[in-house]
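**Q** The lines below spell out each chain.
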Amino acid sequence: MSEAYFRVESGALGLQENFLSLDDILMSHEKLPVRTETSMPRLGAFFLERSGGADTDNAIPQGSKLELPLWLAKGLYDNKRRILSVELPKIYQEGWRTVFSADANVVDLHKMGPHFYGFGSQLLHFDNPENVDISQSLLQTFIGRFRRIMDCSQNAYNEDTSALVARLDEMERGLFQTGQKGLNDFQCWEKGQASQITASNLVQNYKKRKFTDMED
Amino acid sequence: MFCEKALELVRELHRASEGQLPAFNEDGLRQVLEEMKALYEQNQSDVNEAKSGGRSDLIPTIKFRHCSLLRNRRCAVAYLYDRLLRIRALRWEYGSVLPNALRFHMSAEEMEWFNHYKKSLAIYMRSLGGDEGLDITQDMKPPKSLYIEVRCLKDYGEFEVDDGTSVLLKKNSQHFLPRWKCEQLIRQGILEHVLS
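For the protein sequence lines, the chains are A and B, in the order given.
FYI, the numbering for the first sequence is 1 to 216, going by UniProt numbering.
FYI, the numbering for the second sequence is 1 to 196, going by UniProt numbering.
In short, the hints are calculated from the structure, not lab data.
Take these hints with a grain of salt, some might be off.
Unchecked claim - Listed below are several chain A residues computed to face chain B (Cβ distance under 10 angstroms; list not exhaustive):
1) 4
2) 41
3) 68
Ideal Cβ placement from N, Cα and C applies to all residues, glycine included.
Given only the sequences and the hints, what does the whole structure look like? Please build it.
**A** Encoded structure:
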């Protein structure tokens with residue numbers, strides 16, 4: 001990572017996403033199942049299979065089941081459920097929660113929507129009766145997986161780690177990367193290279209790019 | 001669905017790892033602003049219809065478009081802000097003179113911001129350490145000695161040392177030079193710090 005670039009961190013695990021965080025913007029693009037509680041005129045073009053047609057003013061009918069991105073669901077939701085009501089995606093429901101509690105390590109969290117923890121945490125905004133169980137499940141799943149992530153990141157030195165990170169969600173991958181950086185910094189110090197001035201990563205990457213440009 | 005283009009901007013930046021600065025996507029940003037304008041105008045017209053024509057059933061639709069407007073704004077602002085963070089990093093890692101290739105990646109406003117930042121940093125550095133000021137972009141790693149051994153990685157030309165003598169930096173030549181003169185060149189990849 002470039003040493004002087006400090007990106008805006010994700011806030012998704014806390015109360016609110018960070019407005020300027022690129023990670024949070026990508027996370028809130030993931031979809032969840034909703035049900036419209038009222039008809040929504042003139043938006044039928046987006047959901048052609050559901051649209052009521054011209055005589056309903058091209059409306060999405062009341063009671064339609066749709067998949068909307070989190071940002072939109074959050075914006076349209078209120079606790080009186082006047083516009084829409086929200087359902088839980090499968091991986092946060094009881095069935096999958098049981099799987100996680102059995103053995104959290106076997107699950108491919110990258111496939112289950114790559115922002116498992118962030119998205120799950122923000123789901124708690126929708127006043128679902130299962131919220132307590134969901135938050136418990138998120139926590140316990142992480143606790144179950146953390147040991148292995150820490151072990152791997154601290155012991156994989158100078159090797160291809162793609163197999164190790166393949167089934168980690170984005171937050172876990174960030175953690176893994178941090179662990180790797182710590183390991184690499186320590187090894188560098190042990191070799192006495194900590195005082196060696198180096199070309200910044202940024203510069204080296206620009207140089208690599210220049211070569212590929214020339215080849216085109 | 002709305003806000004697809006805005007998300008593409010964010011994705012493009014997110015994909016550029018290691019703090020790299022991709023070219024300024026002027027076209028993409030313009031499309032986002034156009035979509036925002038269209039959304040706003042549709043909402044204005046629907047709000048009038050809801051108020052005077054009694055179409056209160058349009059309210060969820062107006063809200064839908066409003067959410068999209070907010071989302072577009074968020075994506076655009078985050079895009080611009082993250083680029084500024086990357087440009088700021090360039091001052092610290094590259095120095096105050098950027099290579100042309102990088103300059104072409106920046107918009108005119110971003111270049112102006114970079115110049116302002118450079119100036120603020122310079123003013124601040126001059127205010128430190130008494131009369132001469134203090135260059136805080138040097139000595140990023142604690143120095144062990146005043147002079148260091150360096151090897152030249154590419155031809156650079158004549159390089160003047162403090163006592164007036166100059167050194168010819170030719171590829172693969174090795175020199176024993178004052179640390180503070182070389183640091184910038186090492187960071188830029190022209191010299192290599194050789195540890196004994």
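**Q** Decide, hint by hint, whether the structure agrees.
**A** To see whether the hints hold, each was checked on the structure:
Satisfaction of the interface hint for residue 4 of chain A is found here, the shortest Cβ-Cβ separation to chain B being roughly 4 angstroms, below the 10 angstroms cut-off. Checking residue 41 of chain A against chain B: minimum C-beta separation of about 5 angstroms stays under 10 angstroms; hint holds. For residue 68 of chain A, the interface hint holds, the least distance from its beta-carbon to any beta-carbon of chain B being 9 angstroms, beneath 10 angstroms.
Figure legend: structure checked against the earlier numbered hints; every hint is met.
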